[in-house]
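With chain W fixed as given, assemble chain S onto it according to the hints.
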Amino acid sequence: MTEALIAGIIVFVLATFIGVEVINKIPPTLHTPLMSGSNAISGISLVGALLVAGDRNWSLSVILGLIAVILSTINVVGGFLVTDRMLQMFKKKEVKA
Amino acid sequence: MNELIPSAIQISYLVAASLFIIGLKQLGSPATARRGNLLGAVGMLIAIVATLLDRSVLNYEMILVGILIGSGLGAIMAQKVEMTAMPQMVGLLNGFGGAASALVAVGEFWKVIHAGAVPPLDETITIILSVLIGGVTLTGSLLAFAKLQELVPGAPITFPLQQPVNLLLLLSFLACGGYLIANPSSQAAFLGLTALSLVLGLLFVLPIGGADTPVVISLLNSFSGLAASAAGFVLANNILIIAGALVGASGIILTEIMCRAMNRTLANVLFSAFGSKPSVGAGGSDTRTNQDKVVRSIDADEGAMMLGYAKLVVIVPGYGMAVAQAQHSVRELADQLERLGVEVKYAIHPVAGRMPGHMNVLLAEANVPYTQLYDMDDINPEFERVDVALVIGANDVVNPAARHNTSSPIYGMPILEVDRASHTIVIKRGMSAGFSGVENELFYEDKTVMLFGSARDMVTKLIAGVKEL
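Chains W and S, in that order, are what the protein sequence lines are.
The numbering used here puts the first residue of the first sequence at 1, with every later residue one more than the last.
The numbering used here puts the first residue of the second sequence at 1001, with every later residue one more than the last.
Honestly, I wouldn't trust all of these hints.
Stated by the list, open to error - In silico PhoX-like pairs for lysine-lysine, Cα to Cα no more than 25 Å straight-line: (1) W:K25 with S:K1025; (2) S:K1345 with W:K25; (3) S:K1311 with S:K1447; (4) S:K1293 with S:K1447.
Read the hints as simulated data drawn from the structure, not as lab findings.
So here's chain S without its partners, still in its complex pose:
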């Protein structure tokens, strides 16, 4: 019987890993996604129960207390979180996962040291990796969370000599790591490594902000998986390695999709501190010509008239809609327009919002049928026959400069081509530039009119106006 238990645990891990793979597969299709998520949860449950059978797990009371506390907090968070705050939630959970993996490695190191043993070379190396990835994931995610929650300014933060400082830290990390490999029981070197990892995580996210957040969140998601994998190497535990690798792969794929949607490389997103300074290229000549041009501002009644008498209206939501929590009002406006026989579609840019798929989730919350949501490639050819494009809190993703102004920092980024519609209404709080720091030429075009105000107020006024038609 006693010999059977270790094999039973390994078989359970295999079952759990298979469930993770099938679950992830099913998460990729709307029809099966919910079942996929459930399969993942079942796999997790099997893995946990199997681990509790392990001979070395004896501390049941305390573990039970820990699991109860964690489950309670997790359940409360999942229930309470606003859909607009999903990016923060995922960021925070990433951080917790990374922290747990790092703690596992630190705990294992301490266990070996205090047993009076010297960790073998490959264990030391995996522990170093585990602490690095876990630590970076922890502080990086917490900073991303703080930026999204606006506890710290969301804009990229830079300081002089930033790259040299980062390089220096990385070199110290390598030096510390080398020392620990030579002296595997050195607690000072180990603490140094831990501290350096935490600082590196902060510095890595500090210069990234605003509209680049979807990339960072995806990348940290990938890291949280790799951290689990690294912890798996430390403990020689296959389920950790497999599950971590799966998550690592999914995070990397999403990161790549986001980068492609902005026509930038990952390195450019991570290291260029994009949007931190007003760009010189677009400044000079462009702003001057823009000053000569006129911005046409209208009131909500006029806007309602334009929308109400249109045949086809395309709504382009952006982060501004999320900030103003305007998704429900937007849906109501669409309902009113449909009542008048107007066809309404939604155009979603891949990097709209602060995480991949952010807009889709918000509109789903407001009960917008997902058959009305169109990806960039599907909707762009249609703009020619669109009567009114209604841009709500989006900016860079509709800037035509991306198509033709080679000196613009966003040149080459695929955009939603709202400027091809017969008319464009832009709801925006003011004339400020988008995250990229570039002025939006769209606002100065003859076909464009501006509705200045918060997304929710303006949409509510539009609803009232449309109702009176």
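Isolated chain W, as found in the complex:
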């Protein structure tokens, strides 16, 4: 195994532990927003898509990368906006009550 792979595995495992610790206690009211919000974060594949689509010369890679850019941008923008829309409803009610 190369050093890069080892480093990647270390980062992955530690990040998983952080994720479990951070999210562990979550009230049912927030299950859906947590899901759509974390879903938006998984749109981070946009970063990978940009790197693959970045080449100036056209190739199959670039085309696939550009499709990935579109799909992951939908994921990111749609995910964050719809989460905000939901949380806004929760908030409005709080003010009223």
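Coordinates of chain S only, in the frame set by chain W:
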């Protein structure tokens, strides 16, 4: 200056990752959730801008076009989607995320091959993993979306020799993967792997349906994160690995919460094709005795009378309320009852609806104060002193058989104990069994009365009835 840019990008990634972690933390509490979501979005923006500074990203015009198209579509979807359709929306977005990650891996593979190079062993392995997870997430999510949108039947779909076929596909995948590791530049093996991943995704979701959907949606959410992580391994990019791992963890936690709420293991949910066939155990003796029993049906005016003269009413919403879009009417009914001095509470089962927290979102949309929403553990001890429990479009989660009938498939599942209330009104379209295929004994109890009709019509009639009291 030029040497500074790569370090600046890495530091920006670190900032973005920290913002994701803080954002997720804040999403866990109602008071800070909105800010948490915003922090996540800011982190994403930082990561994207930093990536655009990378030396290898030159194709700005096309990338800008791609981002504009994606943002437009995403914004429209987020604005237009009905709150009842949130499970589909999340399912679809999961699919897009998975597809993007798989495409990144495929694109990278092609790039290396066409540069005339042979991918090193560990890159080949990470590419295989990335294509597998991304592909399964894509087709699995699309099928889950189609089921929820009722483009295909929502019930579990099974066919003969399903498990052997799945096993065979998995073995072919491993064989293909082994071949690609031995011959890293084989395009045929690579295409085979891609196709197999896509088929596996379909077969994985095909036998799961209906009330098990919250588990699948959570699991696919987790997969979409793992897919991003895998793509991060392919590109040796830390922000992808970290963000993907965080999402993977959150999805797994929600999956576990959902499984626990049904008292079933994940493997049981995934592989048992639950509810696809009428269960033998509950059939035989039980249905026969049920046939002797009488179901009492009442009309809306009588129901309104029962509700209006109660002291404490607990409303139990289920998927039927979502399908009928009845959440606003339910809220109005509660308002009318409160006007008469009736105390109204809502009892939410963890797996009510088609995604975790589905009912909470719908009731929030209808402006129900979340202080009136009670979790199963908080409301169950109270049912003893509840005058009327009003069940709207829920079935299995209120079936007392889960408590005592050891032969029932839902035996052991924690339920909302509405049968302990003085009276129960069930709004339901017909006598059909719930998703589990089990008849609901609750309907035959002396204290239970049925209001047959669609949730929205019936609640509207109840409102009219209560207004006249």
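Hint-by-hint comparison with the structure:
Among the hinted pairs, K25 (chain W) with K1025 (chain S) is consistent with the structure: their alpha-carbon atoms are about 10 Å apart, no more than 25 Å. Restraint check for K1345 (chain S) and K25 (chain W): the C-alpha separation of about 24 Å stays at or below 25 Å, so the hint holds. Pair hint K1311 (chain S) plus K1447 (chain S) holds up; C-alpha atoms about 17 Å apart against a cutoff of 25 Å. Taken as a hint, the K1293 (chain S) and K1447 (chain S) pair is honoured in the structure, with Cα atoms around 13 Å apart against an allowance of 25 Å.
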